[in-house]
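Engineer: Protein chains in written order, with our numbering: chain A, 1 to 133; chain B, 1 to 125.
Keep in mind that the hints are not guaranteed to be accurate.
[As the list claims (entries may be wrong)] Which residues of chain B face chain A? A few of them, derived with a C-beta cut under 7 Å, are:
| # | residue |
| --- | --- |
| 1 | GLU9 |
| 2 | PHE16 |
| 3 | ALA19 |
| 4 | VAL21 |
| 5 | PRO29 |
| 6 | ALA33 |
| 7 | ARG45 |
| 8 | TRP48 |
Read the hints as simulated data drawn from the structure, not as lab findings. Even glycine gets a Cβ: it sits at the ideal position worked out from N, Cα and C.
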Amino acid sequence: MIWAARSARSQSLASRPAGRLLRDAVRFTALKKDRESVHPVAGTEDVQILYRRSSARPVEYAVLLQVRTAKGWETRIVADNSHADRHVDEHHCHRYLAGEKQPAEPLPFEVAGTNDAVAKIIRWLADNWRELT
Amino acid sequence: MTTMRTPAENAALSAFIDAAVHDDDPGYPNGAAFIAWQETPQTDRVLWSYLHEGRPAVIVGPNDLELLIEPLPLGRLARLRNDIFRRITVQVSYRRKEEPPTPDIPPVRADIGRHALERLAPVAA
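Excised from the complex, chain A in its bound form:
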């Protein structure tokens, strides 16, 4: 089964033109989220904000609001611009209900570019963590 899956993947790769393979490889390398940090939210020991972002442009990021549970850190909401089929200037968030990622929602504020979005998202999560968790 695994072998069949690998074989199908190889055929899929083989059927792509070399230029597209190279372009996809460069895009994957460039957009890799290579930086991560966390910040414990003030006023509690069990909520944190985590971001991951790429250093290279176009910047892809994800900012997560997480709650500590018996199983470890669980994500309650993630805001990002990382989607294979959309432009990186589309910023939105997804809530998690019972561990299931919900459809994308627009952010509740206007943003002007990626870094502005990341800064506003972090402040939004830090200010409203009680309502959002």
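Mind docking chain B on chain A? Use the hints.
Structural biologist: Chain B only, in chain A's frame:
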């Protein structure tokens, strides 16, 4: 609703945001936890839990000094010893914001317990 924060908590949040929006590598170790520099039992517990996860910690105060605490990789025997004595072996260094680690204060290797900030605060004063 806006959360009320202390000056140290505001400084830690600002440092975290600055690191997140920096296009160049801001020089913090990957995975670092940005923690407000407050001598409270809660801060010590938060620091302890992140160090236990293996995360480096950046302790941020309202002045421009930051304390970097990085867990050091250890052999099996040393890890067992630390588990028994409930401590973590770390490297501690200081830096001014926006600057590389201060060269005149060399990094210090230390075994720290659950009340690390209480012990390290006088060193930074």
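Engineer: Now tell me, hint by hint, if it's right for this structure.
Structural biologist: Checked hints:
For the restraint placing GLU9(B) at the interface with chain A, the shortest Cβ-Cβ distance is roughly 4 Å, inside the 7 Å limit, so the hint holds. Among the interface hints, the one on PHE16(B) holds; its C-beta lies about 4 Å from the nearest C-beta in chain A, closer than the 7 Å criterion. Restraint check, ALA19(B) versus chain A: the minimum CB separation of about 6 Å is within 7 Å; hint holds. The interface hint given for VAL21(B) holds, since its Cβ lies 4 Å from the closest Cβ of chain A, which is under the 7 Å cut-off.
A hinted interface residue such as PRO29(B) counts as satisfied when its beta carbon comes closer than 7 Å to some beta carbon of chain A; here the least separation is about 9 Å, so the hint is violated. With a least beta-carbon distance of about 5 Å to chain A, the hint placing ALA33(B) at the interface is held under the 7 Å criterion. Hint status for ARG45(B) relative to chain A: holds, with the closest Cβ pair at about 6 Å, below 7 Å. For the restraint placing TRP48(B) at the interface with chain A, the shortest Cβ-Cβ distance is roughly 10 Å, beyond the 7 Å limit, so the hint is violated.
In summary, the numbered hints that this structure violates are 5 and 8.
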